[in-house]
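K.L.:
Single-letter residue listing:
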Amino acid sequence: MAAEEKALQKELGVFEQHKREWLLKHLGDFVVIADETVAGFYEDYESAFKAGLSRFGIQASFLVKQVWAEEPVYLIH
Amino acid sequence: MKLPFTPTTLFEQGPHLEILICATRIEVIEGRAVGLEFPEMSVRALVDTGASLTIINPQIAMNCKLKQTGRQKINAVGGEAGEFPEYAAAISFPGSQLPSLDTTRVVACPIIRQPFFSCLIGRDILRKWLFTYDGRSGEVEIGA
Chain E
1 MAAEEKALQK
11 ELGVFEQHKR
21 EWLLKHLGDF
31 VVIADETVAG
41 FYEDYESAFK
51 AGLSRFGIQA
61 SFLVKQVWAE
71 EPVYLIH
Chain F
1 MKLPFTPTTL
11 FEQGPHLEIL
21 ICATRIEVIE
31 GRAVGLEFPE
41 MSVRALVDTG
51 ASLTIINPQI
61 AMNCKLKQTG
71 RQKINAVGGE
81 AGEFPEYAAA
91 ISFPGSQLPS
101 LDTTRVVACP
111 IIRQPFFSCL
121 IGRDILRKWL
131 FTYDGRSGEV
141 EIGA
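Chains as they are written, first to last, in my numbering: chain E, 1 to 77; chain F, 1 to 144.
Please keep in mind that the hints were generated in silico from the structure rather than gathered at the bench.
All figures in this text were calculated on a predicted structure; none of them were measured in a lab.
Ideal Cβ positions, reconstructed from N, Cα and C, are used throughout, including at glycine.
Treat the hints with caution; some may be incorrect.
[To be verified] The list that follows gives simulated cross-link-like pairs (lysine-lysine, DSS-like), each with its CA atoms no further than 30 Å apart:
(1) F:Lys128 / E:Lys50
(2) E:Lys10 / F:Lys128
(3) E:Lys6 / F:Lys2
[Said to hold, decoys possible] Here are the computed distance ranges between Cβ atoms for each label pair:
(4) F:Met1 / E:Arg55: 29 to 37 Å
(5) F:Leu20 / E:Ala2: 21 to 29 Å
(6) F:Phe11 / E:Arg55: 44 to 52 Å
(7) E:Leu24 / F:Ala33: 36 to 44 Å
(8) F:Arg25 / E:Gly28: 25 to 33 Å
(9) F:Phe11 / E:Thr37: 49 to 57 Å
(10) F:Glu30 / E:Lys10: 21 to 29 Å
(11) E:Lys10 / F:Gln97: 38 to 46 Å
(12) E:Lys25 / F:Glu141: 41 to 49 Å
(13) E:Glu16 / F:Pro99: 35 to 43 Å
For reference, chain E alone in the conformation it holds in the complex (with noise of 0.2 Å):
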């Protein structure tokens, strides 16, 4: 498996396991986790990374993702 593949896969296990309880608060908002930390809730994707680079440094991974009942599919033509 890729790094990429791999990166962030305990943050998107918190979001899977929080996602039903969002959805009644936060739906449309981007949600930001490091390991098990949730940091917070935003607006727009670029409050989301801003507020996760000021609360976990720049060297940290963190996972920005937008809370969705359904995961969204863009199209590419």
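Got chain E; can you put chain F on it based on the hints?
P.N.:
Frame of chain E, contents of chain F only:
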């Protein structure tokens, strides 16, 4: 920003421009303070109204040391389909007045059907622009 094409080159190649891709400004500034370098790359980008997200070739993410922030499901007609890594990047437009994008997400997916380009500018960036395409004259104009 006016892009200089003839009707033929616009028809054959599509609307494209040179862009600079690098890690976000905060990463570059804070990285310098601790001895980390984030290289910048100049690449040719196609403005692609058929792409919902902005796509880069995976090598760019590696070379520029972009930070991965997740994965996205991509369905590419006639090419790769599946989950691909998503990164945070800064994109600027040298020689133009177009505002730089300090933090934008890009997805690293091999651009197979457009080997002439290393980036597809998708509708996530287009939603910030006024994009005018005149196929008769070859004039393309981008405003923010």
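K.L.:
If a hint holds in the structure, say so; if it does not, say that too.
P.N.:
Now for the hints, and whether the structure bears them out:
1. Taken as a hint, the F:Lys128 and E:Lys50 pair is honoured in the structure, with Cα atoms around 20 Å apart against an allowance of 30 Å.
2. Our distance criterion of 30 Å between C-alpha atoms is broken by E:Lys10 and F:Lys128, whose separation comes to about 34 Å.
3. Distance hint between E:Lys6 and F:Lys2 is unfulfilled; the C-alpha atoms sit about 42 Å from each other, more than 30 Å.
4. Between F:Met1 and E:Arg55 the CB atoms are about 36 Å apart, so this pair conforms to the stated range of 29 to 37 Å.
5. At about 26 Å, the CB distance of F:Leu20 to E:Ala2 agrees with the hint of 21 to 29 Å.
6. Range check, F:Phe11 to E:Arg55: about 49 Å between beta-carbon atoms, so the 44 to 52 Å window is met.
7. A beta carbon spacing of about 41 Å between E:Leu24 and F:Ala33 agrees with the range 36 to 44 Å that was offered as a hint.
8. Judged by the Cβ atoms, the range 25 to 33 Å given for F:Arg25 and E:Gly28 holds: they are separated by roughly 26 Å.
9. Roughly 52 Å separates the CB atoms of F:Phe11 and E:Thr37, a value that falls within the hinted 49 to 57 Å.
10. Range check, F:Glu30 to E:Lys10: about 24 Å between beta-carbon atoms, so the 21 to 29 Å window is met.
11. A beta carbon spacing of about 43 Å between E:Lys10 and F:Gln97 agrees with the range 38 to 46 Å that was offered as a hint.
12. Separated by about 42 Å at the C-beta atoms, E:Lys25 and F:Glu141 satisfy the suggested range of 41 to 49 Å.
13. Range check, E:Glu16 to F:Pro99: Cβ separation about 36 Å, and the 35 to 43 Å hint holds.
Checked against the numbered hints above, the structure breaks hints 2, 3 and satisfies the rest.
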